[in-house]
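Number of protein chains: 2
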Amino acid sequence: MAKSDVKVKVLGTWSSPFVMRARIALNIKSVNYEFLQERLWEGKSELLLKSNPVHRKVPVLIHGDKSICESLIIVQYINEVWSFAPSILPSDPHERATSRFWAPYLDEKWFPSLRTIGVAQGEDARKAAIAQVEEGLLLLEEAFGKCSKGKPFFGGDQIGYLDIAFGCFLGWLRVTEKMSGMKLLSISKTPSLLKWADRFCSDIAVKDVMPETEKLAEFAKMIMAKMRGAAPPK
Amino acid sequence: MAKSDVKVKVLGTWSSPFVMRARIALNIKSVNYEFLQERLWEGKSELLLKSNPVHRKVPVLIHGDKSICESLIIVQYINEVWSFAPSILPSDPHERATSRFWAPYLDEKWFPSLRTIGVAQGEDARKAAIAQVEEGLLLLEEAFGKCSKGKPFFGGDQIGYLDIAFGCFLGWLRVTEKMSGMKLLSISKTPSLLKWADRFCSDIAVKDVMPETEKLAEFAKMIMAKMRGAAPPK
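Going down the list, the sequences are from chains X and P.
So the first sequence is numbered by full-length UniProt numbering: it starts at 1 and just counts up by one.
So the second sequence is numbered by full-length UniProt numbering: it starts at 1 and just counts up by one.
The set of hints was computed from the structure by calculation and includes no laboratory data.
Here the structure is a predicted model, which is why all the values come from computation and not from measurement.
One or more of the hints may lead you astray.
In this list, chains with the same sequence are indistinguishable; a pair is considered to hold if it fits within one copy or across any two.
Below are the SDA-like pairs computed for lysine to any residue, each with C-alpha atoms no more than 25 Å apart in a straight line [claimed, not checked]:
#, residue 1, residue 2
1, K50, A131
2, K146, V81
3, K57, E108
4, K151, N79
5, K127, K189
6, K29, R96
7, K149, F84
8, K50, G145
Excised from the complex, chain X in its bound form:
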């Protein structure tokens, strides 16, 4: 069967930054796919439980009869199956290692701190989370200089692995800025990232999957209401 005849599906939610990674990678490779939206508040679908029995999480990429789980693994899988240009990972092994280095940092340290800003119990915890997010942004500003080498993206002329890994959080970064009244990305401290964020969000592979800040902020309020045990808005 030709590669283009094999059906591609993404199980996910519109609001998840991790799901966005899979969708952006497919868009970069111009692969058509069906987006199957999970309604996680109402329970996980049979397909999700069957496709990702260990973690039971979105995203899952379904490619023919195969399931691939975990967003960064999905991005690498997409790059390897549809191996034509543009390549999502750099060809140089050290540049690949650098891209790969930042992705778990973002997932395990930076994004959890970003989330904490909105839900922290107490001012000290909130301040600590803000400090961690700002420290991370300064590190990424420096990394941008090294990775992009004066070009528009971490990946050079095109969106690459680290652009996807980091850029998928921009919706939630903007929501955090909006709800807290702070500027986390700024012309004074992170001028390169500030411009990069606009370029990334308006890229053809991204703009249709990046949620609008207003819609995401409403969703964030609903989640926070649920966490507090209040009834969510209809």
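Based on the hints, put chain P in the right spot on chain X.
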């Protein structure tokens, strides 16, 4: 400069399973390297702080003037720089994705539970950790069948990425068995993994870097004494 003229160093400790991953990958590729042992109890070396300023952790691979951090990223880097056979990752994209899937599961879920068995506060926490370790081993027993396809290793005829990712924990698994008096790998529940573990530990790429169980158990006692605030044995 020819690839073989560029100096290769590993910053690490003999007891760290993560450091072992880098050393096994270099051994598989027959790359000579210098092993620079860190004395973490006495403070981290200048070289470590300079080479891994974000996490300040071992292992670090130093290849000429480049530093590569994070054990699984180092293994992939080694496979890409010394790209001749044997390949550490499968060539098939779905098999690569499967190998990559289990590695973070081991690091983020399974190994933390294994560690908890020895240091859990209270019997309930200990029982929960044992249950998680045993559940993980059953999942990995099943994965072994699918990945190895009747061959000796997860990677087939040769040690591969998932063998390295999981096998590096066998020293600590054996210490946990020894100190708790339990059998975690058994002929009744995990017959394939039990045989695989012996094969892995006696492989030429592994046997000189896998710590002896007795020595590691003494080290574990010292750590636990330190955690309790007692003076460590001399």
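Hint by hint, here is what the structure shows:
1. Proximity of K50 to A131 under the C-alpha cut-off of 25 Å is restricted to the inter-copy arrangement: shortest distance 22 Å between copies versus 40 Å within a copy.
2. In this assembly of identical chains, the alpha carbons of K146 and V81 lie at most 25 Å apart only when taken from different copies (20 Å versus 28 Å within one copy).
3. Taking the shortest Cα distances, K57 and E108 sit within 25 Å of each other both inside one copy (16 Å) and across copies (15 Å).
4. For the homomeric pair K151 and N79, the shortest alpha-carbon distance inside one copy (21 Å) is at most 25 Å, but the shortest distance between copies (28 Å) is not.
5. For the homomeric pair K127 and K189, the shortest alpha-carbon distance inside one copy (18 Å) is at most 25 Å, but the shortest distance between copies (49 Å) is not.
6. Taking the shortest alpha-carbon separations for K29 and R96, both the intra-copy value of 19 Å and the inter-copy value of 19 Å come in at or below 25 Å.
7. For the identical chains of this complex, K149 and F84 are intra-copy neighbours only, at 23 Å inside a copy versus 30 Å across copies, given an alpha-carbon limit of 25 Å.
8. Taking CA atoms no more than 25 Å apart as the test, K50 paired with G145 passes between copies only; the shortest distance there is 19 Å, against 43 Å inside one copy.
In terms of the numbered hints stated before, the structure departs from none.
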